[in-house]
Amino acid sequence: MSQIRTPSLVIIETGVANLASVRALAERLGLQPIVTSDPEEVVRAPFVLLPGVGAFGPAMHKLRERGLDAAIRSRVAEGRPIAGICLGMQLFFEASEESEGVQGLRLLPGKVKRLSGGLPLPQLGWNRIEPEPGSRLLLAGWVYFANSYGVGIEQKFNDGTADTSKAAFPRFDSISIATTTYGSAFISAIEAWRDDRPVLLLCQFHPELSGSFGKNLFARWLELASERRRV
Amino acid sequence: MSGLAVRIIPCLDFKDGRVVKGVRFENLVDSGDPLERALLYEAQGADELAFLDISATVEGRKTMAKEVARIRKAIAIPITVGGGIASMEDAARLLDSGADRVSVNSAAVREPAIIEAIARRFGVQCAVVAIDATKSPAMPSGYEVKIAAGAVATGLDAIEWASEAAQRGAGEILLTSIDRDGTNLGYECNLIHLVSRAVPIPVVASGGASKPEHFLEGYRNGALALLAAGIFHRSEVSISEIKQYLSAHNVEVRL
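Listed in order, the protein sequences are those of chains A and B. Counting in this note's numbering, the first sequence runs from 1 upward without gaps. Counting in this note's numbering, the second sequence runs from 1001 upward without gaps.
Isolated chain B (complex conformation):
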C-alpha cells in the first residue's frame, strides 16, 4: 500500500517571459502570463508545477530565473524547472531562484556526469532527467532518445538511457513522447510502461494527454505523476476534474 497520491503536473513552456504551447515542439502559441497561470493551477489543485525554458537567448534565460523567483514567492507547491540547463552553474542559479528541482535533458546525454554532480550536491530528489523519445524500429525497445528539443537523434535507446540515468543518481524521469506532444491522442502508454518497469525511481508521463481517461491510462501503465500543458492552458479540462475522475476509479489523489 503506497498512500502516495498520483501527482497532476501542469507544465508551462516559457519563451522570453511568456507561456507558450506548440504541437510536436513547433508552431508556438502565446498562452499568457506565467504567474497568473501558476496561481490558477495551484488553486485548481496542481500537485507540482513544471517550467520548461525554451528561450534560445541569454536574455531569455535571465528572464526565466526572474520569473521563477517571482512565482516561488507566490505559490507554496513544488516547482521543477528545465530547459537549456547545461552546467552546474545553470542548475544552481535556478535552484537559488526558487526551483525545488531541476530537469536536465540534452546536457545529460552529452555529459552524463552532470546527473551525478547534481544528485551529489543537491540531493537525488533534485535531479530530474528529462527524456524526449520517439518511435524508432532500429532501437531494441522501439524508442529512441532525441535531444535539442527533438531536433537531434542520439542513437540511444530510451529504456537503456533511462536505466543509466537512474544508476547515475537521477531521482525521477520526466518522459515525453515527441510523437504525442500536443496531439491530444493520449500518452504513449507502451513507452511509459517500459520505462517505469525498467527504473526504480518515479516516472512522470508527458505528451498527448487531453482527457481524464488518458491520465488514468498513464497511471495504470506505471507513471507516478502525470504532466500536461495545452489542455490546461486552453481550459479544456481542469485539474480538479481529472482528480475527481481518477478518484472515482480508485486512484489515490489529493483532493
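Only chain A is shown next, with the shape it has when bound in the complex:
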C-alpha cells in the first residue's frame, strides 16, 4: 500500500442508512471515507465501519444479499478491526425483537430487545455511558442516542454463563461493556479485544453525532487497533 495515500475508513453500504454523518466523522479523523458494498473490500480494508439506521430485518437482508455478512464474519474471525454503530451494533447479535425470525450476524450471544421502562420511545438525545472497570477504550461521558431497541445488561459474554453452545461465536481475549439507563439499563457500548487489539468497537449511541467525545473515542480505537501495534 502506498505511503502517500490518505488512510481510509471503509463504510459498509447497506442501502438503508444515510451516511453523511459517518463520512464527516471519518474526515474529522483524517481518514478518507470509502463507502462500499463490495465484500472483498470489506474483508481487506484496515478499518471497517458498519453504520446503523433503519430496521434489523431489512438491514440483515441487504447484508446477506451482497455476501457482506460472510465478509464481516471472516474479518472478525481473522481478528481484523470493525466498528458498529446503533443498528450496526445490534446486527452483531443473534436476533432482535424488532424483526422476529431474522438471524443476525451471530458474532455475539444474545437478543436485541425493545427498551423497557415506560418512557417515550425512541430514546432521543444525550445520555451518559458508564464503562465497567477494566475498559481500556471506553470512557464515561455524554453521548447521543436515537434508539428504541438495545441489549439488556443481563447478557453475559465472558464468564461462562452465556449459552454459547448452539452457535460458533468467535473467540475474544476480553470483552468490556458500558451501560446506560433509560427507564432500565442497557448495554450502550462494547469493546472486544484479541491479541492486544480492540477488534470490535460497538456503540449503541452515535459517535458521529456525539461531538468531540465520539471523535476522541474513534481516534483511540484507530490507534489501538492499528496493524502497526502487532509488530
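It should be emphasised that the hints constitute simulated quantities derived from the structure, not laboratory data. Heads up, the beta-carbon is just placed ideally off N, CA and C, and yes, glycines get one too. Mixed in with the good hints there might be a few duds.
[Stated by the list, open to error] Ranges of calculated distance between the beta carbons of each label pair, as one might list FRET restraints:
hint: 1; chain 1: A; residue 1: Gly152; chain 2: B; residue 2: Glu1111; range: 50 to 60 angstroms
hint: 2; chain 1: A; residue 1: Arg136; chain 2: B; residue 2: Arg1070; range: 31 to 41 angstroms
hint: 3; chain 1: A; residue 1: Glu227; chain 2: B; residue 2: Glu1236; range: 51 to 61 angstroms
hint: 4; chain 1: B; residue 1: Glu1036; chain 2: A; residue 2: Glu227; range: 33 to 43 angstroms
hint: 5; chain 1: B; residue 1: Ser1002; chain 2: A; residue 2: Thr36; range: 37 to 47 angstroms
hint: 6; chain 1: B; residue 1: Arg1220; chain 2: A; residue 2: Gly118; range: 11 to 21 angstroms
With chain A's structure known, arrange chain B on it following the hints.
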C-alpha cells in the same frame, strides 16, 4: 429514572441561504450566515440543531441542501431539517446532504402515508412530524392544526392529529404554538401538556420561549426537548445560561 438530558435546540429559519426570523411567521429579519450560527450554537452546548427551510422557490430549496451539506461537515451534533418536504425524494435528498432527521408538516396532513414511508425507509427516529397549532374553541382540545406556514386552517384537532402521527410511525412531534411564535411570552404550556400526555413519543416544545424560566416550564409540562430561535439569534440568552438554570432546578442537562 431517565438519565436522558433534556435537549436545547436552536432553530435556524432559512430563506435563500440566509438565517431569518419573524414574529408569528411574518416580518422576517436577516439573522446571519447559517454556518457561523451553527458553529456558535454547537460551541455554546446546543444538543441538536433544527433547520427550517422557508424558501418559496426551487432555487431556494437547492441552496438549502447545499447549506445542510456544508454545516454537516463542520458540526458533530444531530441536525433536523424541515420546511417544504413534500415527497420521499425531498426527504432523501436532505438526508443524503447530511440531515439526520427530517420533519414533515403540511405534506403529512395532506398525505399522512408519508409518515409511514419515511419511518419504514429511514427508521422512526428519522420521522419527525411538525405540528403548527393555534387556539381554536371549535376544537375538542381547544387547538387546531394549521398548515402552509400557518396560512391554512385544517379543521384538525391538534391532539388527535399528534396521536395519529405517532400511530403512523412518527418518532417525535415538533410542536409549535403559532400564537406564541416570536412573542417572547413563553411556550403554550397547556398545549405541550396535552400533546405529551397523548403520545408515547418525545415532544419538542416550540414557540415563544425568551427566558430560562420558560424552558423549565416547557420541560415540566412534558417536553423532552426545548426549541427556540430569536432569543439565540439576538444573543439575548445563551444556551449555557439556560442549561445552568435548568440544572439548578434539578433538570438533567448535558453540561
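Hints, verified against the model:
no.	hint	verdict
1	A:Gly152 - B:Glu1111: 50 to 60 angstroms	violated, 38 angstroms
2	A:Arg136 - B:Arg1070: 31 to 41 angstroms	holds, 37 angstroms
3	A:Glu227 - B:Glu1236: 51 to 61 angstroms	holds, 53 angstroms
4	B:Glu1036 - A:Glu227: 33 to 43 angstroms	holds, 40 angstroms
5	B:Ser1002 - A:Thr36: 37 to 47 angstroms	holds, 39 angstroms
6	B:Arg1220 - A:Gly118: 11 to 21 angstroms	holds, 19 angstroms
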